[in-house]
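Residue numbers (my numbering), protein chains in the order written: chain A, 1 to 208; chain B, 1 to 130.
The hints are simulated quantities; they were obtained by calculation from the structure and are not laboratory data.
Worth double-checking, as some hints may not be accurate.
[Said to hold, decoys possible] Distance condition first, Cα-Cα at most 30 Å in a straight line; then the derived DSSO-like pairs of lysine-lysine:
1. 32/B - 125/B
2. 125/B - 77/B
3. 174/A - 125/B
4. 174/A - 54/B
5. 10/B - 54/B
6. 174/A - 147/A
7. 186/A - 147/A
8. 78/B - 125/B
9. 186/A - 32/B
[As the list claims (entries may be wrong)] Here are the simulated distance ranges between beta carbons:
10. 101/B - 44/A: 33 to 43 Å
11. 36/A - 36/B: 35 to 45 Å
12. 36/B - 46/A: 23 to 33 Å
13. 182/A - 26/B: 16 to 26 Å
14. 62/A - 118/B: 21 to 31 Å
15. 53/B - 127/A: 48 to 58 Å
16. 55/A - 9/B: 18 to 28 Å
17. 81/B - 31/A: 49 to 59 Å
18. 81/B - 29/A: 56 to 66 Å
19. 98/B - 48/A: 22 to 32 Å
20. 186/A - 98/B: 24 to 34 Å
21. 98/B - 114/A: 30 to 40 Å
22. 44/A - 11/B: 23 to 33 Å
Cβ coordinates follow ideal geometry from the N, Cα and C atoms, glycine included.
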Amino acid sequence: MTGREKKDQRAETGAGEGAAPWDRKISFDALRVRAQQLSLREQLQREHFLLERLNAASARLIQAVDQSQVLEAISEIIGNLIGSEEVAIFQYRATDQTFSLAWSVGVEEEILRQFALGAGQMGRAAHEGASQFRDRRPAAPLLPCEKNLTACVVLKLDREVIAVIAILRLLPQKGGLEWADFELLKFLETYGAVAIQLQNLQKISVTP
Amino acid sequence: MNGENKVASKKVLLVDDSSTARLVTRMIFSQKSNYVLLSAVDGRDAVERARAEKPDLILMDVMMPRMTGLEACRVLKKDKETSNIPVILLTTRGEESFVREGYESGCSDYLTKPVNDAELLDLLKAYLGE
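Pulled out of the complex, with its shape left as it was, chain A reads as follows (with noise of 0.2 Å):
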C-alpha cells in the first residue's frame, strides 16, 4: 500500500489524529451504507440459494415419468437438498380413509405400513390439511413410529390431501429444518401433490 492509499484509508475510516469531524461523518455513513449494502448481498444469495433447490427439485419431479419414479423423486429431494435418508411417503385411501405405505427409505416399513386419517402427529396433520413439525409440535399423542419424526409434510390438490410425506431423523451433521428446507417442503406440498395426482391420472388414462 502507498503512502497516498494509506492516507486515504485513515481518511475512509475516520482514524488518525487529524480527522476532522466531518471526515468521521462520512465514515459513518459510508460503513452505514457498506452494511446495508452486505445485509442486501446476504440477503439475494440467501434468495439465490432457495431457488436453486427449487429450481433443481421441479427439474427432478418433471423428470419422473410414472408413480414410482415421482415418489422417488420425492424422497431424493429430501435426501440431497434437505437431510434425511428415512423418509416415508403415504397415499390416501378414500375407501378406508387410511393413508398406506407407498414408498420409503431408511425406515422400518413394518411399523409404518398405514395411518388413519386423524390418528397420532400424522393422522392429523392430514385431518387438518396442515404440515406439521417437530419444533412447533402441540403436546399430544403420537403413534410409536413417531418418535423420531421430524416433519409430516401434507401433500394437498387445493383443499385434499391426497399424500403425507414422513420425515423422519435428520442427518447428524444437520441441527435442524432451516429457513430454505420449509420453503423446500412448501413446494412439495403443491408441486409433489400435482407431480402424484399427474401420474395417477395418467395411470387411469392408460388403464383399459
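Guided by the hints, dock chain B onto chain A, whose structure is given.
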C-alpha cells in the same frame, strides 16, 4: 493463455447416483464458477470417465450402486494415470470413523451432505485456484 482461459478449462468430474444431487451441483457450477462439470452415475462409471477425461478434480458420493465412492477412490489412486487427481468425497456420514475410512481410501478431502454452495466453491477454489 491468460488466467481466465486457464480457469475455464479446469474440469471437475461429479460422481453421484442421485440425479437431484447432479442437478443442484450443475446449477451451482453454472451460476457461480467457470469450471467445466462432467458427470458420472456410479463408481465404475467414474473410473472410466476419469481415465478418459483426466479431470482436474473429482467430487464423489460415497454410497453408490455397482461401485462405491471408496472403492472407486482406491482404484483411481492405484492407477498412475489418475492417482494425482484430487478426490473430494461427498458423504452423508460425518462421523470420525467414516471420515477416516475416506482418507484411507486416498481421498484428499470430504464434504458432508447436504452440500453448502459456499463451502463447496471454497474447497474447489483451494484445490483448483480462482
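Next on the checklist: Quick check: does the Cβ-Cβ distance between residue 186/A and residue 98/B fall within 24 to 34 Å?
Outcome noted: Because 32 Å falls inside the window, the suggested range holds.
Checklist entry - If you check the beta carbons of residue 81/B and residue 31/A, does the distance land in 49 to 59 Å? => result 54 Å Cβ-Cβ, so the 49 to 59 Å window holds.
Checklist entry - Within a Cα-Cα threshold of 30 Å, do residue 186/A and residue 32/B meet the stated pairing? => result Given that 30 Å is the threshold and the Cα spacing comes to 26 Å, the pair holds.
Next on the checklist: Just to be sure I understand the hint, the distance between the Cβ atoms of residue 101/B and residue 44/A should be within 33 to 43 Å; is that true here?
Outcome noted: holds, 39 Å
Next on the checklist: Quick check on a hinted range of 18 to 28 Å for residue 55/A and residue 9/B, using CB atoms only.
Outcome noted: Roughly 27 Å apart at Cβ, these two residues keep to the hinted range, so it holds.
Checklist entry - Are residue 36/B and residue 46/A spaced within 23 to 33 Å by their CB atoms? => result Since residue 36/B and residue 46/A have Cβ atoms about 27 Å apart, the given range 23 to 33 Å holds.
Checklist entry - That 48 to 58 Å hint for residue 53/B and residue 127/A (C-beta), does it hold up? => result holds, 54 Å
Next on the checklist: Is 23 to 33 Å respected by the C-beta to C-beta distance linking residue 44/A and residue 11/B?
Outcome noted: This hint holds: roughly 29 Å between Cβ atoms.
Checklist entry - Is it true that the CA of residue 78/B sits at most 30 Å from the CA of residue 125/B? => result holds, 26 Å
Checklist entry - Given the proposed pairing of residue 125/B with residue 77/B, does the C-alpha separation stay at or below 30 Å? => result Holds: residue 125/B and residue 77/B sit about 22 Å apart, inside 30 Å.
Next on the checklist: I want to verify a distance hint. Is the separation of the beta carbons of residue 81/B and residue 29/A within 56 to 66 Å?
Outcome noted: holds, 59 Å
Checklist entry - When you take the CB atoms of residue 62/A and residue 118/B, is the distance between them in 21 to 31 Å? => result holds, 28 Å
In the structure shown, a violation is registered for the earlier hint numbered 4 alone.
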